[in-house]
Amino acid sequence: MGTFIVGLVLFLIVAAVIRKMYKDHKAGKSSCGGNCGNCGLCRGKK
Amino acid sequence: MEFKIALAGNPNTGKTTLFNALTGSNQFVGNWPGVTVEKKEGKLMGHPDVIIQDLPGIYSLSPYTLEEVVSRTYLVKERPDAILNIVDGTNLERNLYLSTQLAELGIPMVMAVNMMDMVRKNGDIINIDKLSQRMGCQVIEISARTGEGINEAADLAAKVAKHQQVMVAKHSFDGPVEHALAHIEEATQGMLPAHQERWYVIKLFERDEKVRDALKLPQSVIDHIDGDIEAVEQEMDDDAESIITNERYKYISSIIDECNIKKSKGKLTTSDKIDKIVTNRWLALPIFAAIMFLVYYVSVTTIGTDATDWVNDTLFGEMLIPAADDLMDSMEVADWLHGLIVDGIISGVGAVLGFVPQMVVLFIFLAFLEACGYMARIAFILDRAFRKFGLSGKSFIPMLIGSGCGVPGIMASRTIENESDRRMTIMTTTMIPCSAKMPIIALIAGAYFGGEWWVAPSAYFVGIFSIIISGIILKKTKLFAGDPAPFVMELPPYHMPTLGNIARSVWERSSSFIKKAGTVILLSTILVWFLSSFGWDDGAFTMLDEDALNESILAFIGSKVAWIFAPLGWGDWKAAVAAFTGLIAKENLVGTFGILYGLADAAEDGEEFWGTFAQDFSVLSAYSFLMFNLLCAPCVAAMGAIKREMNNGRWTLIAIGYQCGFAYCMALMFYQFSSFISTGTFTLGTAAACVVLAIMIYLLFRPAPKYNGEIQIKDAADVTE
Numbered sequence: 056m057g058t059f060i061v062g063l064v065l066f067l068i069v070a071a072v073i074r075k076m077y078k079d080h081k082a083g084k085s086s087c088g089g090n091c092g093n094c095g096l097c098r099g100k101k
Numbered sequence: 044m045e046f047k048i049a050l051a052g053n054p055n056t057g058k059t060t061l062f063n064a065l066t067g068s069n070q071f072v073g074n075w076p077g078v079t080v081e082k083k084e085g086k087l088m089g090h091p092d093v094i095i096q097d098l099p100g101i102y103s104l105s106p107y108t109l110e111e112v113v114s115r116t117y118l119v120k121e122r123p124d125a126i127l128n129i130v131d132g133t134n135l136e137r138n139l140y141l142s143t144q145l146a147e148l149g150i151p152m153v154m155a156v157n158m159m160d161m162v163r164k165n166g167d168i169i170n171i172d173k174l175s176q177r178m179g180c181q182v183i184e185i186s187a188r189t190g191e192g193i194n195e196a197a198d199l200a201a202k203v204a205k206h207q208q209v210m211v212a213k214h215s216f217d218g219p220v221e222h223a224l225a226h227i228e229e230a231t232q233g234m235l236p237a238h239q240e241r242w243y244v245i246k247l248f249e250r251d252e253k254v255r256d257a258l259k260l261p262q263s264v265i266d267h268i269d270g271d272i273e274a275v276e277q278e279m280d281d282d283a284e285s286i287i288t289n290e291r292y293k294y295i296s297s298i299i300d301e302c303n304i305k306k307s308k309g310k311l312t313t314s315d316k317i318d319k320i321v322t323n324r325w326l327a328l329p330i331f332a333a334i335m336f337l338v339y340y341v342s343v344t345t346i347g348t349d350a351t352d353w354v355n356d357t358l359f360g361e362m363l364i365p366a367a368d369d370l371m372d373s374m375e376v377a378d379w380l381h382g383l384i385v386d387g388i389i390s391g392v393g394a395v396l397g398f399v400p401q402m403v404v405l406f407i408f409l410a411f412l413e414a415c416g417y418m419a420r421i422a423f424i425l426d427r428a429f430r431k432f433g434l435s436g437k438s439f440i441p442m443l444i445g446s447g448c449g450v451p452g453i454m455a456s457r458t459i460e461n462e463s464d465r466r467m468t469i470m471t472t473t474m475i476p477c478s479a480k481m482p483i484i485a486l487i488a489g490a491y492f493g494g495e496w497w498v499a500p501s502a503y504f505v506g507i508f509s510i511i512i513s514g515i516i517l518k519k520t521k522l523f524a525g526d527p528a529p530f531v532m533e534l535p536p537y538h539m540p541t542l543g544n545i546a547r548s549v550w551e552r553s554s555s556f557i558k559k560a561g562t563v564i565l566l567s568t569i570l571v572w573f574l575s576s577f578g579w580d581d582g583a584f585t586m587l588d589e590d591a592l593n594e595s596i597l598a599f600i601g602s603k604v605a606w607i608f609a610p611l612g613w614g615d616w617k618a619a620v621a622a623f624t625g626l627i628a629k630e631n632l633v634g635t636f637g638i639l640y641g642l643a644d645a646a647e648d649g650e651e652f653w654g655t656f657a658q659d660f661s662v663l664s665a666y667s668f669l670m671f672n673l674l675c676a677p678c679v680a681a682m683g684a685i686k687r688e689m690n691n692g693r694w695t696l697i698a699i700g701y702q703c704g705f706a707y708c709m710a711l712m713f714y715q716f717s718s719f720i721s722t723g724t725f726t727l728g729t730a731a732a733c734v735v736l737a738i739m740i741y742l743l744f745r746p747a748p749k750y751n752g753e754i755q756i757k758d759a760a761d762v763t764e
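From first to last, the protein sequence lines are chains L and H.
Residues 56 to 101 in the working numbering are what the first sequence lists, from first letter to last.
Residues 44 to 764 in the working numbering are what the second sequence lists, from first letter to last.
Calculated from the structure, these hints are not laboratory results.
Incorrect hints may have been included.
What the hints assert, rightly or not - Distance windows between CB atoms, simulated:
# : chain 1 : residue 1 : chain 2 : residue 2 : range
1 : H       : E361      : L       : M56       : 28 to 34 Å
2 : H       : L311      : L       : D79       : 46 to 52 Å
3 : H       : R163      : L       : V64       : 54 to 60 Å
4 : H       : Q208      : L       : D79       : 40 to 46 Å
5 : L       : V64       : H       : T189      : 45 to 51 Å
6 : H       : K164      : L       : V64       : 55 to 61 Å
7 : L       : V64       : H       : R430      : 54 to 60 Å
8 : L       : D79       : H       : K86       : 20 to 26 Å
Keep in mind it's a predicted model, so treat the numbers as computed, not measured.
C-beta: ideal position from N, C-alpha, C; glycine also.
Here chain L stands alone, though its shape is the one from the complex (with noise of 0.2 Å):
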């Protein structure tokens, strides 16, 4: 049961974080660590 629940949680969890990862891929923003989540460079792709 413990085995279930975990896994379950871990499934949603990286689910969760595959879907984040595709809608900020569609939207444009990039991916990397610096401060590029609201810089207008990496949103725009040419």
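Chain H: place on chain L using the hints.
Chain H only, in chain L's frame:
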């Protein structure tokens, strides 16, 4: 109905600071020109129907640079409902040049004289009423930094936008010019967009090719216009564009005489006095070196280290990992899942997060240097020094931005017009350690050098040194030959950054780093854990015991490539694998070590994580490992940026290949020569390093090939178009 207000003005006049304050955004603000290269938009707080557009800073509406093209195209083609013209009150004369051009666009305009706090501090006076009268638009005093007058300025701009009070330029040119302008207006009647006739007529007079092409005028009209222009040129003995420029400055001078009283006229400002020392011919480079040394030393070796030690050894080692262990045991979770969470995710992500305190300290320093105005001086200082080696200071702006993150650094290369300089900058920008490389530097400095003072700063200088070497070598190849592009940069005045500005910058960078640990790094650690925990035991694929790491899939893959790095001193599969996972994200390298060297095991044994990790490398091989990972190909996000900016697959491969090859050669020479010096043994590796050194010396000192401008231009067009 939505109303659009464009923030337009010269570079570094505080447009983005104002934009952030008006819209509640967190756009990056830097005290150097060229921070904004593309327009950004946000809703004016309290006015959901008003959109604020932050345009790149420009000096004129002439299409000479990319920023000017972006701003001009937007203003002329899309026509915002109003322009909020941001003018630097400490430098009114220069700023008004653009204002006179904006006024000709016919778009309702409000002028906001920014930095009034500085103007008053300098004892200067600006007669706002007179200025308003002479410019023909409403003028308001503001200080974007302190927030003074910004809401009033936005309200005023919103009001003129809603009422569509068309701007009529007050200034007029000399008799012959106005006469020619009237002729042009008559000749093009009905052919020019409404309310913009004045601007178009002046541009036609200036023989602006882009405007002529866009209007598609009949040849007979063009010939007629040219006749008028030539007549004025003969009469005034100058070319049309220069005539208009001179006329504008004459008009601006008359405004300045009436509206601006400078107490400090002719005297040195505080910024000038500081610059006399900071940019001094002899002192500039030692001061720069000392400042960067201090930044990295304090971040990695002093304040940051204690906090990082606590996070690694106490928070993760003694608290989180044992707590997670207990929870898994109490829930009777299967061993594989227990291992995945504790040995994989917590160890991997935890190893990366452990360096957050050091990163925060570094970010505080970088934010301060950016905001106070020193970063702009670095480009100036390095330009003067490196021009001797054929490198342009323009390349250093992307590199300065790259010290935060390589992606915007690479993209900032767009401001470089010379195509070969731009490509060279893209190839070398990521050699400056970005923030993601900080954990690697801190890990090596802490684990192998006991936090020696020189290790972290040396990583920065290895980057600078590599850029110089690369610049000289590349400039002597046919692909990059040619004189460096001239570099003209306005040095902004120094000012004390506000706490809010620094806090915003630090928060943005730190939260991006933490977010990345929770996304890319988390997924990578799961993959690395799987590959390192499963393998073949007696021919059967199974989950392996902890001491059977060498039988894992990862060990199998790693050992196939590890030999490549043996001449660099780290032929172990774990190091090779870590270097490869670093290509996903540089911090990932530390996360991989966290799993492979067992942050969780270290916690169980009561050892420090760094102590466990230090067993597999010598001091020399550890520094060689650091050097290679600092200089080799960047992460995938940065490689994607390289591909976008190069816009050419072949050039992308050349760039990444060069970075990896150069990193390999540097690490090889370092390891082999330092080993030879310390042991006195001459090996095959030493011989290989001698050959590489000889080739590098040849490439550095051979005569430069003759520059052929035609080839350069053709080549550039192939790639950029």
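Quick rundown of the hints versus the structure:
no., hint, verdict
1, H:E361 to L:M56: 28 to 34 Å, "holds (29 Å)"
2, H:L311 to L:D79: 46 to 52 Å, "holds (49 Å)"
3, H:R163 to L:V64: 54 to 60 Å, "holds (59 Å)"
4, H:Q208 to L:D79: 40 to 46 Å, "holds (42 Å)"
5, L:V64 to H:T189: 45 to 51 Å, "holds (48 Å)"
6, H:K164 to L:V64: 55 to 61 Å, "holds (57 Å)"
7, L:V64 to H:R430: 54 to 60 Å, "holds (58 Å)"
8, L:D79 to H:K86: 20 to 26 Å, "holds (22 Å)"
In this structure, every one of the numbered hints holds.
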